[in-house]
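Asks: Residue numbers (the numbering used here), protein chains in the order written: chain C, 2 to 114; chain R, 74 to 186.
FYI, nobody ran anything at the bench for these hints, they're computed from the structure.
Derived lysine-lysine pairs resembling DSS-like cross-links, with alpha carbons at most 27 Å apart:
hint, chain 1, residue 1, chain 2, residue 2
1, C, Lys69, C, Lys25
2, C, Lys69, C, Lys79
3, C, Lys25, R, Lys173
4, R, Lys173, C, Lys69
5, R, Lys173, C, Lys79
6, R, Lys140, R, Lys99
If the Cβ cut is set under 8 Å, some of the chain C residues that face chain R in the computed set are:
hint, residue
7, Gly43
8, Leu46
9, Asp57
10, Phe92
11, Met99
12, Gly100
13, Glu102
14, Gly108
Computed from the model, here is a short list of chain C residues facing chain R with C-beta under 8 Å:
hint, residue
15, Leu44
16, Leu103
17, Phe105
18, Gly106
19, Glu107
We treat Cβ as the ideally placed atom computed from N, Cα and C, and that holds for glycine.
Okay, here's what each chain looks like letter by letter:
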Amino acid sequence: DAGVIQSPRHEVTEMGQEVTLRCKPISGHNSLFWYRQTMMRGLELLIYFNNNVPIDDSGMPEDRFSAKMPNASFSTLKIQPSEPRDSAVYFCASSSQMGGELFFGEGSRLTVL
Amino acid sequence: QQPVQSPQAVILREGEDAVINCSSSKALYSVHWYRQKHGEAPVFLMILLKGGEQKGHEKISASFNEKKQQSSLYLTASQLSYSGTYFCGTAPRRGSNDYKLSFGAGTTVTVRA
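Generate the whole structure from the sequences, applying the supplied hints.
Replies: Right, here's the structure in full:
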């Protein structure tokens, strides 16, 4: 299997611009997680889905952040408008069952100038 | 709520042992352990589900004391490849469809020749 695929790998944008991060989970996995990693805050859980349904989005920092999972093979995390403090590495991870091993994508490194 | 890891960092010589601790203020259903090398995604090591259960990965093992809400990761006869940041992830299970996995701040392990 190709593993969890994230795009873009690197994104540099200016404050105020819209950013969309994409994730393709491993085929057959029904749980999907979005994490954000920074030096200051570590790995933060933003939102997670089970069977395409958002279960808990309490980690989403502000209304500027939104996430969707329109089908089992695709999810997006959108930031609109972006701010410099959003700069981080965003990881998507999937699991074959809720509570099982997480398989992480390689991450999307976002820099907001 | 994020678990607390200790120590924050440890430096070892090849062949030495180390213990990383993870504790939570809430009752736990399970504990995950992951290792992340610089610039890469976290990689799964093991999951522990029952009190006192131990699991192993190479010469890395872990225990989980459900009553004390604690887990420990044991690095035995460390190798250079063990260098990286180790994260514990904990989840208080609220339902079969709910599995909020939160990670600790991480413990950076450096193994020197």
